[in-house]
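Visitor: Sequence:
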Amino acid sequence: MMKSILLALMLFALPAANSLADPLPFDMSTENADPRVQSSPAAPSAARPETSEEQSRQLGEILPPDAPAKSSAPALAAPDAYSPVSSASEPSATMTGLASPGQINRRYLIPANQLTLNGEIDQKDWSLFLTSWQATNAESLSLSYRNTVVIAPESSRMIVSINDHVVIEEPLRSPASFTKLTVPLPEGLLRYGANTISVRVAQRHRTDCTIDSTYELVTTLNAQGSYLTLPASERISDLEAIRAIGVDGNGDTHFEISSPSIKQSTAVEDLLSLGQGLALLAGMPNQDFAFNRDALPVSGPGRLGVLVGTASELAPIVPNLPQAARVGQLASMLRVTPDSAPILVISGPDWASISAAIGKIVAPLSEASVDQRAGLQNSGWTGPDLPVILSDSQFSLSDLGLKTQEFSGRRFQTTFSIMLPGDFYGRASSEFTILLDAAYAPDVLPGNHITVFVNGEVASVVQINNRHGGIFKHFPVSVTMRHFKPGRNTITLSAELSTNQDAVCAPGENNTREPRFALFNTTEIQIEKFARAGQFPNLAATARTGFPYTKDEKSISLFLEPVGPETMSSAATVLGKMALSSGHALGVKPKTSLRAIGEEDTIFVAPISQIPRSFLDRFHIAPDASETWNQIAVTGTEEADTTKQFSEWQDRISSEGLLGYLERAGSWLHDRFGLTTDELELFKDIKESFMPTPSDILLLAQNTSFEGKGNWTLITGPTVQNLALGNALIASQSRWENLQGYLTALTPDRMVSRLDPNPTLHLSDPWDIRNLRLVITDWLSHNSLVYVGLLILAAIFLALSWGALLKRSGRRE
Numbered sequence: 024m025m026k027s028i029l030l031a032l033m034l035f036a037l038p039a040a041n042s043l044a045d046p047l048p049f050d051m052s053t054e055n056a057d058p059r060v061q062s063s064p065a066a067p068s069a070a071r072p073e074t075s076e077e078q079s080r081q082l083g084e085i086l087p088p089d090a091p092a093k094s095s096a097p098a099l100a101a102p103d104a105y106s107p108v109s110s111a112s113e114p115s116a117t118m119t120g121l122a123s124p125g126q127i128n129r130r131y132l133i134p135a136n137q138l139t140l141n142g143e144i145d146q147k148d149w150s151l152f153l154t155s156w157q158a159t160n161a162e163s164l165s166l167s168y169r170n171t172v173v174i175a176p177e178s179s180r181m182i183v184s185i186n187d188h189v190v191i192e193e194p195l196r197s198p199a200s201f202t203k204l205t206v207p208l209p210e211g212l213l214r215y216g217a218n219t220i221s222v223r224v225a226q227r228h229r230t231d232c233t234i235d236s237t238y239e240l241v242t243t244l245n246a247q248g249s250y251l252t253l254p255a256s257e258r259i260s261d262l263e264a265i266r267a268i269g270v271d272g273n274g275d276t277h278f279e280i281s282s283p284s285i286k287q288s289t290a291v292e293d294l295l296s297l298g299q300g301l302a303l304l305a306g307m308p309n310q311d312f313a314f315n316r317d318a319l320p321v322s323g324p325g326r327l328g329v330l331v332g333t334a335s336e337l338a339p340i341v342p343n344l345p346q347a348a349r350v351g352q353l354a355s356m357l358r359v360t361p362d363s364a365p366i367l368v369i370s371g372p373d374w375a376s377i378s379a380a381i382g383k384i385v386a387p388l389s390e391a392s393v394d395q396r397a398g399l400q401n402s403g404w405t406g407p408d409l410p411v412i413l414s415d416s417q418f419s420l421s422d423l424g425l426k427t428q429e430f431s432g433r434r435f436q437t438t439f440s441i442m443l444p445g446d447f448y449g450r451a452s453s454e455f456t457i458l459l460d461a462a463y464a465p466d467v468l469p470g471n472h473i474t475v476f477v478n479g480e481v482a483s484v485v486q487i488n489n490r491h492g493g494i495f496k497h498f499p500v501s502v503t504m505r506h507f508k509p510g511r512n513t514i515t516l517s518a519e520l521s522t523n524q525d526a527v528c529a530p531g532e533n534n535t536r537e538p539r540f541a542l543f544n545t546t547e548i549q550i551e552k553f554a555r556a557g558q559f560p561n562l563a564a565t566a567r568t569g570f571p572y573t574k575d576e577k578s579i580s581l582f583l584e585p586v587g588p589e590t591m592s593s594a595a596t597v598l599g600k601m602a603l604s605s606g607h608a609l610g611v612k613p614k615t616s617l618r619a620i621g622e623e624d625t626i627f628v629a630p631i632s633q634i635p636r637s638f639l640d641r642f643h644i645a646p647d648a649s650e651t652w653n654q655i656a657v658t659g660t661e662e663a664d665t666t667k668q669f670s671e672w673q674d675r676i677s678s679e680g681l682l683g684y685l686e687r688a689g690s691w692l693h694d695r696f697g698l699t700t701d702e703l704e705l706f707k708d709i710k711e712s713f714m715p716t717p718s719d720i721l722l723l724a725q726n727t728s729f730e731g732k733g734n735w736t737l738i739t740g741p742t743v744q745n746l747a748l749g750n751a752l753i754a755s756q757s758r759w760e761n762l763q764g765y766l767t768a769l770t771p772d773r774m775v776s777r778l779d780p781n782p783t784l785h786l787s788d789p790w791d792i793r794n795l796r797l798v799i800t801d802w803l804s805h806n807s808l809v810y811v812g813l814l815i816l817a818a819i820f821l822a823l824s825w826g827a828l829l830k831r832s833g834r835r836e
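Note that the numbering used here has the sequence shown beginning at 24, numbered continuously upward.
Hint data in this document are derived by calculation from the structure and do not stem from the laboratory. A quick note: this is a predicted structure, and the numbers were derived from the prediction, not measured. Hints may contain errors.
Subject to a maximum C-alpha distance of 20 Å in a straight line, what follows is the list of computed SDA-like cross-link-like pairs (lysine to any residue) [said to hold, decoys possible]:
id, residue 1, residue 2
1, Lys612, Gly587
2, Lys286, Asp575
3, Lys508, Gly587
4, Lys577, Ile412
5, Lys496, Phe543
Here are the computed distance ranges between Cβ atoms for each label pair [said to hold, decoys possible]:
id, residue 1, residue 2, range
6, Asn534, Val321, 50 to 58 Å
7, Asn489, Asn534, 40 to 48 Å
8, Phe820, Leu748, 55 to 63 Å
9, Ala526, Leu748, 50 to 58 Å
10, Pro646, Gly351, 48 to 56 Å
11, Asp772, Thr171, 22 to 30 Å
12, Ser421, Asn489, 22 to 30 Å
13, Ala827, Pro646, 39 to 47 Å
14, Thr800, Leu319, 15 to 23 Å
15, Ser421, Arg636, 54 to 62 Å
Just so it is clear, CB atoms sit at the ideal spot from N, CA and C, and this is done for glycine as well.
Using the sequences provided together with the hints, build the complete structure.
Guide: See below:
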């Protein structure tokens, strides 16, 4: 009887057991249930817009979803690198690279507010500078990510590598909130100096097989939840502290400099020179400076406090000031109080000693400018250092660090960047050629194409026409340089690869591993010799390369009014950005009077009320702005609303009648021939002065001096407080790289630029006949009406010449 009961119970339990063996139904709410990961709420976003994703580079081969991880690094004895663990609680972090006793030290990883990876494959690479102590004692890596809901976790994954060793390989399954992954770091993985961090994703759509659906595949890394964890009791040397400052949880870097001598004319030059040295040593994209006279600076995450003064000035502030400050030069990291993070203290018995100490920091950084260097060091946020192309060049993708890639999805993309000098002038007439080595599978349909993007703009398209697959062997692709700019330029190769199977989109179709496309790193780029003639005014060249202030070794005059924390902060931030763009520190000579400036290259930093009306007119700013901008900014935005409504009515009226016809004709010329109405003008000039709006916080403008011999740049705002507020705006690399024209006005949510239709040209070598021919060719391409006029004159001259010749020696009846 007992056996019968047991048998009946076993038969009754079989359906339940079978039901447990069945696959779980589709439910996205369970994707975060893995006990290895910790789900955290979305971190608050910073006010500063995120850094542009055009700074990314796709290097190497994206692994198929189930392929084993590859690593060129030697095997390391370590815990399971692919099994993230979570912590129940997180100690409070203090400083990036420096910590107070008894507190956890975090070294934040991402040099932006957040990092976004798009499409079916994407990769971001950058370097992280670590001190020898940090490299030896780093305990774990944390990474916070979130992906869009349409990403299929079973066929999508993220791979994180440090120094070519995979430390995280995880399916993408966090659509609801940011998930934090924490892994222990193998001993010996990190090293002193630069450590390469690589994040790559392979993403597939849940249900859609179209090319358009690939734009919905997005994974975002949150900066506040991505960091290295280090012990609290860190030992660190002086210059290492600067190079290892890194970023805070928003991807920003801050320098707080306190000096009792801030208003002394002898100190201004040295303090601004120190600011450039700090910016170059840190090498981070979003750096700003804040000066004060008497407050004790504070170090923290992505923040370095600096205290500068004579020994007698600092003795009351720093009780443990070393004796060296009273007899010689001192530049050292010190803890002012036992429970505070160390700050950089620069001191001496007099200011001459302080100047010498600062000189030792800055002197090694005064190298050749970006126009003369072989590469620009910005690997702290864009991967390997960028090559600088000064003339005709030829290089392969392998020379840029890219690997051969095979791809099984629908939209392939890979990106690389190059630098052009500040006097690049080949946009209208120059081209470069891509000798493409690639292949596509037989099932790729005709009508697909390979597109070359330059700085986000379509520059060339190659059609795929063969129905049975094909191989491109050094296939020449001509690409216009119209979209190139001085400084960093991003080139993206993208291929659309749809097939007949995509139209059916059968279950599992998105998981196929059969390659559809291959790009070989033997692909070469040939850049022909381009014209070199710097243009001024041109804020883009100044922001991206420091031109024209880097074209020779002369010092730049600097006019600050009033000399104080706000103007010093603004000047230091701008000079630090220019130094980082040009690759070396710039010499500056402060001027206390406008009369002392003359025709010198000068940077003006002052509220608009301190700029004479004649100078404003020279910068094409309405002279009345010195009296009204501050008042308008205080009284409200009623006038701005009226101006906006007037502009809207003007746009409505201009779309009809003769004006509308002319606008449509101009659009037709631009679409068919790439011509603009500005290029058809004979006498080009700036037609009206700029009046700032109430919402404008900061204004940058350029022009030549009154006699045209000097290059002037103005940084101004309605008040000195606005100059301080504007620091956060120009510190953002995404905004800084988008400055252009002769004038740019900035608000927290927009940038307005005015372009100079007829900038002054600076020839790098006036006696280079070949370069002069290229400059003339490019100038005539920009000035089409002049070119047509010259052709007509040449035709008339030729007709008259032949007429005169035939009249004298021709046959007569």
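Visitor: Indicate, hint by hint, whether the structure satisfies it.
Guide: Hint check:
no., hint, in the structure
1, Lys612 - Gly587, "holds (16 Å)"
2, Lys286 - Asp575, "violated (29 Å)"
3, Lys508 - Gly587, "violated (35 Å)"
4, Lys577 - Ile412, "violated (24 Å)"
5, Lys496 - Phe543, "holds (10 Å)"
6, Asn534 - Val321: 50 to 58 Å, "holds (52 Å)"
7, Asn489 - Asn534: 40 to 48 Å, "violated (27 Å)"
8, Phe820 - Leu748: 55 to 63 Å, "holds (60 Å)"
9, Ala526 - Leu748: 50 to 58 Å, "holds (54 Å)"
10, Pro646 - Gly351: 48 to 56 Å, "holds (52 Å)"
11, Asp772 - Thr171: 22 to 30 Å, "holds (25 Å)"
12, Ser421 - Asn489: 22 to 30 Å, "holds (26 Å)"
13, Ala827 - Pro646: 39 to 47 Å, "violated (56 Å)"
14, Thr800 - Leu319: 15 to 23 Å, "violated (59 Å)"
15, Ser421 - Arg636: 54 to 62 Å, "holds (58 Å)"
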